[in-house]
Amino acid sequence: MRCKGLILMLSGVLASLAIGWFAFPAALYRTEAQPMQFNHAVHTGEQNGMTCDMCHEFTENGSFKGIPTIAKCTECHSAAIGSTESEKVLVEQFVTPHKEIPWKVYSRQPDNAYFPHAAHVKRAEIKCEECHGPHGSSSTLPVYQVNRISGYSRDIWGRNISGLPSHPWEGMKMDRCVRCHAERHRDDSCLDCHK
Amino acid sequence: MNITRRELLTFAGGSILGALFTPIPWKLLDDSAIWTQNWSLIPRLPRGPETFTFTGCTLCPGGCAVKARRVNGHPVSLVGVAGHSLSNGILCPMGIAGHHLAYHPLRLRRPFAFTGKGADSPLVPSTLDEIASNLAPMLKDIRSSSSRGTIAVLDQRPGRVLSDLYRKFVSNFPGGIYAVAPGSEDPTLTTLRALCNTTEGTLGYDLENTRVILSFGAPLVDGWSTPGRTVQLLQNRNQNGLKLIQVEGVQSRTALQADTWLPIMPGTEAALALAIGGVIVRQNLFPAKIEKTSPDFRTYKTLVSKFEPEDVAAVCGIPSSVISETAHALASNPSVVMSGYDPAGGPLDNATETVIAGLNVLLGNIGRTGGISLHAPIPSPGATTSPAVGLAQVPDHSVRLLLIDGAESGHTYPLSLLKRKLTADGGTVVMLSPYLSSRSALADYLVPSPAAFESLEEISTPPGARRSSFALSLPLLKQPDTTVDPATLLAKLAGASGLPSVGAETVESCLRQRTHDIWLSKRGTLATPTGSSQTPVMAMASEEELWKGLSEGGWWVDNMQDKQVNPRLTLLGLMTPDRYDKASAPALDTTGTLKLIPFGWRNATMTASVAPVLSKLFQESHLRSLGGRVHINPSTLAANALSDGAYVKISTHSGNMTAQAVADPSVIPGVIHAIVGPSPNNTASKDRPEAEGILGLCAVRDDGSWRITEATIAKA
Amino acid sequence: MDRQFIPRSVQRSSFARFAAWILPWILLLGLGLYAMYLCLAEGLNQTNMDNRFAFGLWIYLDLTVIALGAGAFFTGFLLYILRREELKAVINSAVVLGLICYSGAVAVLMVDVGQPLRAWFTFWHPNTHSMLTEVTFCLTCYLTVLAIEYVPVVLKNRKLRQIPRFLVFEFELHKVMPVFAGIGTFLSFFHQGSLGGLYGVLVGRPFAFREVLGIWPSTFYLFILSAAAVGPSFVLLTTWLVQKLSGKQLVKPEVLRFLGKVSGWMLIVYVLLKTVDTLYWINHTAPAEGAPAYTFYTSPGFGTWILFAEIILLGLLPAIMLLSKRLRERPAVLVSAAFLACCGIVMNRFVMTIQTLALPTLPFDQMMSYVPSWQEIATFLAIVAYGVVLYSLSFRYMTLFPQERDIRQ
Amino acid sequence: MEQTAQSKSRYGMVIDLDRCTGCGVCMVACAVENNVAPAEQKATERTGVTWLRVYPVSNGEGFPANDTVFIPMTCQQCGNHTPCVSVCPQNAVEVDPSTGIVGQIPQRCLGCRYCMTACPYHARYFDWWDPQWPEGTEVLLNPDVAPRMRGVAEKCNFCHGRLHAARTKAAAAGRKEIAAGDYVPACVESCPSRAIVFGDLADETNEVSRLSHSINTFQFLPKLGTAPKIFYHSAKEWVRKMADRAPLA
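Going down the list, the sequences are from chains A, B, C and D.
Heads up: the first sequence at position 69 corresponds to 111 in the numbering used here, and the numbers run straight through without jumps.
Heads up: the second sequence at position 647 corresponds to 1071 in the numbering used here, and the numbers run straight through without jumps.
Heads up: the third sequence at position 58 corresponds to 65 in the numbering used here, and the numbers run straight through without jumps.
Heads up: the fourth sequence at position 238 corresponds to 240 in the numbering used here, and the numbers run straight through without jumps.
Don't read these hints as lab results, they were simulated from the structure.
Mixed in with the good hints there might be a few duds.
Each computed DSSO-like pair below joins lysine-lysine, with the alpha-carbon atoms no more than 27 Å apart [unchecked claim]: (1) Lys141(A) / Lys902(B); (2) Lys114(A) / Lys164(A); (3) Lys1110(B) / Lys178(D); (4) Lys169(A) / Lys107(A); (5) Lys1139(B) / Lys107(A); (6) Lys169(A) / Lys44(D); (7) Lys171(D) / Lys491(B); (8) Lys44(D) / Lys164(A); (9) Lys171(D) / Lys169(A); (10) Lys114(A) / Lys130(A); (11) Lys268(C) / Lys163(C); (12) Lys1139(B) / Lys225(D); (13) Lys1139(B) / Lys843(B).
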C-alpha cells in the first residue's frame, strides 16, 4: 500500500520530467523555413576568401547594416553562378525582380536593445565568431526556430532548453552581455544597451 | 485496474513536484514576461538605411526650411535648417510634426459627393470622372453666359504657380473670379498697397533694420509669417535694439514678450491709431514732405484733431501719456506699424486697417530703411490673366460654381463669408482638401488633395518678407494613388467644359518654367541647403544647374534693388472721415453684452490641420487651450454668476452654442476670448464633417471682417 | 446535506439559510472578478488613477487591510511566544482573518500593477533599498506562513480527520506552530514597518517624509505599533460581530476584554510616540524640506481637524476606554472602543496615502482630487466578499472558536 | 584588453524662462523623437504622457497686471538621493554613473507607480493605455527609441537615443569620447527661442556649467536636497519668489 503510493508519486515525477525536458521544448518552438539556402563556407572559403565585413558592412554614421541587401548579392550574382537549387532561387526570385530576401535573423535582438556593432567590432576588436560562433564557415543554414510565446529566435535563449550553453557563443540573452561587460570592467548602466 | 481518487491525487502531486525540476514553469515565466515586452500591441520599429533630405514646409506661407531624417525612405523627424537665412533653423510645433499629417485619421482617401449640404449629410463615395461629368452641363452653361452666376476659384495660398493655373482657368469663363482667402495675405500690406496706389512690386517689412514695431495684435512670436524671422529678431533685442509695442486686448504670448504691452479694449484700435497720429501731427513729428505728397493730409489733420489722447484714453483704456510716448517712440526711430493677422479673428475692419496702415504713411515709413520696402516679385511667365480679388470684394450671390483650393494658409474664416457669395440656390462647391474638416460641410464635392510633404510644391516669398525668394518643397512621402493633384482636377474640369487643354500643364512643368524665368532674369543667388555657400544665378552655366540646386533643397533669394515707391501716398485712401467717430466709451459693466472675439493659433484652427501628436499641447497639458473653449476674465465671469470651468451658453444674432469657460486673468474684462482651434483627438466622426463651432456665431460685416461680435453668456 | 462536515456538538444553520447568506456575496465576488478582468485585459485606464494620483483606493485599502490583518501575527505572538493561553479561543479566527486580509491584499496588488506578468522580477532583480521590495518579500513569505497556519484549522475538520495521515501531519504541524508564529511575527514586523516606510521614505513628499531612525524612517516603527495595537481590536470586533450574526456566544467575555486591554496598551504607546513624531515633523522635518507644516492644512477638505481626529479622537480616546478596567467591563464600551481604534487606523492609512498624494509639491501646483471608478470599488468589494465567503465557510465547517462547544448557549 | 570606461559626465540643462514663449515646439519635438504616442481619446492632462511639459504659471494678479511665465518641466535628473531610484523594487530605475542621466527601463518595470508618487516634479508618466499611432504611422517611428507598452512608467532620459547615435558614431571613428555637438536633445535642438542650454555640468569650461552658477539661476525644490540637474533662469523677481515658495503657502 505504502509502496504503491510511492510508485505512483515517482511515476508522476518521471512523467513531468519527460514532458518538461522533451515534449515542452518541441511544443514551445515553431520551426520556420528560410526563404532559401545559403552557404557561408563557399563565400568565406579558400576559393573566394571573403571576410565577414565584405558583406556585413557598416554605414558612414557607424551603424551596422546587418544582413546585406539584395543589391550586394547582385554585385556577383547578377546571373546564376553554378547550378545549385538555391542559386536558382536567388536569381529567379530575388535578384531578377530586385526583391529583398526576407531572411529570418537568428541573432535578431528586440527593438528595446541597442547593440552598436561599431563599439564591439571596431573599438573593442571583438571577433565576429565570439558572439556568432562559426556561422561564417557553415555550409548550410541552421534550422530557424521561433519561440511561440516571446517571438524570439531560439538562438537568443540558446539551443539548449536548460539555458546552459554547450558552446561559448551560444545564447544572446542579456546575462551574456552583462557577463562579458563585467569581465571587462565596463561601468554599466541599463541605458547603455537599452533604448 | 481501479484507480481511486486518492491515487490520482498522489500521481498529480508527484507530477507537480517533478514539473518544478523541468524548464516548464521557469521558461514560461521568462517567456511570458518577454511577451509583455514585445507583444503585438507595441508597434515594431522601422529598420533600414538612414538618409537626410532637405525640403520646405508647406503648411503655411511661412515656408520654413526643413531637414528630414528618413529611415527606409520614410521621414522620421523634421528639424529646421540652421543656416537658412529666412527661417533661421526654426520650426513651429505644427511643422515639427508635419510628416504625421498625411496619416491623420480624418484624411480623405477618395473623392466624395454629398447628398445634401451641411454637417448632417453623409459622404457618398464618388470618382473624379463622375464629378467632372456631373459638373459638365453647369460648366458649359457658365461658359456661354454668366447671367445665372459665374465660376470662382478661392485660392487659400496665392502666389504659387498653381495660383497662376487657377487664374488662367477662370479667365476662360465670362466673369470668372479668382479670389484669395482672408488671411492669406498680410492685411496691413494689402491696405498699404491701396494707399500707395501701386500694382507693381511686392511690399515687405524691413524688420531687420527697424527699431520700433507697433503691432496691433500681430502674433509676432507665435506664428507670424516665417516664425524664425521675428522670433530671432526679438530674441536678439539686446544686440539689435529692437523694441516691440504690442496692442492687444489679451496678454498673448507676443504681448508677454513685448517691451510694452498696451492692453486695449478691442474695437477701439482705430481711435488709438488716430490719437497716435494726432500726437505726431500736432507735435510735427512727421517728415515734412508728407504734407505735400499726401493729397488728403488736411483731411487727416482735421480728423485726428478730434482724437485727443485724453479722450481716447478713456475709450481704449490706454493712458494718454502712453499714447504720447508711443507716438514719440515711433517718430524718433525707424519704425513699422502692423496689424492683426489673427489666424481665426481675421483682419480688423477696413476703416481700422486703413488708419493703422496710414500711420506708416504719416511716419514716412514707406520705402525707407527699417520701414516698408517695395521689392520686385519673383520673375513670372508674364502677365496673369485674371485679377486677384479679396474674398470680401466678390459680389454677393454671384458665384454659381466655387472651387476651393486645398492648400493650408494657417488661417480660417467663417463659412458664412463664403455662403453669401454663392448664388441664391446655394451654388455648387467643389473642395480640394487633404482632410475632412468643418469646412467640408459647405462642399458638394470633396476632392482629396495631397497632404503636406506629399507633393512637389514651391515655397514662394513669405508674407512681409524683405525680398522675393523661391525654393522647392520636395515630397517626403509617397502620395496615395487616390489623391488628386489640383492641376489634374483643373484639366478634368477644362475637359468637361469643352475648353482647349488648359490643364496639360503639371505643377512640375510650371515650376520648371518659373525656374527658367529666374535663370533668364539673372537675378539673385542660390544658397545651398545648409547655407554654407551661395552661387549667383548670373554665374550659373545652365538652367539645369539652378533646377538641380533647388531640387537638393537650396533656396533662391532675389538681390534686386528696392523699387521706387509712388510718392503720392494717401493717408486715408477711400475712407471718409465720417467713418471714424470717437467711439463711445465701451461698456465696462461686464454683465450685459460682451464682445465675442475668435482667437486661433496659426495652422491650428481646425481639427484635421494638426498632427494627432499635438494632443500633447491641447489635450495632455494645459499649454494651449482646446478648440471650443472660451477664456473670460474672472471678474466678468463673476459678474455673470459663472465660475471657472462652467459650461456656458453663448448667444449671438447668428445662433448659440455651449462652451466651457476658462477663468483667465490675461483677457480684458468684457470680452469672450473664444478659441477656434483643434481638438486633436476629436476624430470620432470620420464619415461626416464636424460642426463649425464658434466661427459660426460670428457676424460677418460688409467689409468682410468678423473680428468682434456682440454676444451674451449664460449658464448652460 | 453538509452535516457530516460541520464540527460535532455545535449548532449551525440549515444549508438553505447558509446558501441564502453566502449567495449575494458570491455575486458580489463575481462582479469584482469581472472588474479585475477589465483592469487586466484593458489596462489600468479602467481606474480613475492618473499620473498625479498614481496610487489610489487599492493601495490605501491594501495598507488598511494589512494593518487590520495584523491581529493574526500579534495574537500568534501573544499566544505562542508569550504563552497567553487564553488567546487559544480566538487564534483560529485571527489566522483566518489574517489569511483573508493578506491574500486579498496581494490579489489586489496584482491587479494594481500595470504588468503583473513581470511581478516576479522583484525576486529576480531585487532593489534592496526599496521599501516595496521589503514589502513584497515579507508579504509573500508571510502569506505562506499564514497558509501553513491555516492548514491545521482545515485539517481539524471532522471529515478530513478521518484520514489518519492528515491527523498525524496536523499533530506534527501543531508542534512546530510556535516556530511559524515566530517567523510570522518577524516577517510581520518587517512588512508592517515597510508599509510605513513606503511613504516615510518619500523625500519628495514633505507631508509623508520622516527622518530616519536607525535605517528606517519613523513611520516604519509607527506602522508596526499601530498595526499591533489595532490587530487585537479587529479580532475583538470581528468576534463580536460573528457572535451577533450567528446569535451564539463563541468566546468567554474575558477573552475579548483581554484583547481590548492589549489593544489599549499598545494604542497608548503608539499615540504617545505618534505625538512626539508629529511634533518633530512639524518643527523640524517639514520646514527643513521647504514646506512649513501649516501649508498642508490650508485647504478646506484637509484642515487640522485631521490631526485631532487621528490622534485624539481615534487614538487617545479608545486607548483610555480600553485601559480603564471599569469601562472595559461594559461590552458596549469595549466594542465601541475597538471600533474607534479600527477607525483610527483606517484614517491614519488614508492620511498617509491619499492626503499625501492630494497635496501639491511644486510651488505652482494645486490640490488634487480623485474619485475611484466603479472598477476600483468593485475590485475592493470582491476582496470583502471573498473574505466573507472564506470566513463563513471556515466558521461553518471548521472550528474557529474552540470555546464555543464549552459555552452553554 | 582595452579599458573602455568613459569619463564621468553630468549632463544638465539651464532653461531661460525669460526667453521661453510657451510655444510648445519642445513638447512636440520630444514626443516625435521619443515615440510618445498621441493621446488616447479619453486621455486628459492627468493621464497623458508628456516627457516634457510646459506649465503656464500666472503671477496671480488681475488684468492687466497679470503676468505669465512658462515653465518647461521635465525629469530633473536628480543627482542626489534621486527619489525615484531608491524606491523601485526591481531596479528598473537607475542613475547612469557615466552620464548622470536617470534612466527608466520600461521593459523591467512592473508598473507599480511607486516612483511616480516619489517624484515631486511629476516628471514620470504612466502608460494608462496601449500606445496607438494613427494607422500607417508606424513607419515614421524613430528607430532609436523603443516604444513602451501599457502599464509601465516612462520619462525623459535626455533623448538617450541621440546619445547612442553619438556613441556609435564615435566608436565607428575609433574615438572614445563623443563630440559634444553630436549629442543635443530634441527639445534643445527645436527650441525657437534657444531658451534651453544643454551640456556637461561637470565640464567647467562648458556654457551650461557657467550658466548654472550665474545670478538669477535657480532650481525647483532645492531644499529637498535632490540636487536636480535642470536649472532655471529668470530676471523676473516674482518668478524666482514663486519658485522658492512652498505650495499653497
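Inset, instruction - Run the structure past the numbered hints and jot down the numbers of the failing ones, going up. - result: 3, 5, 6, 8, 11, 12, 13
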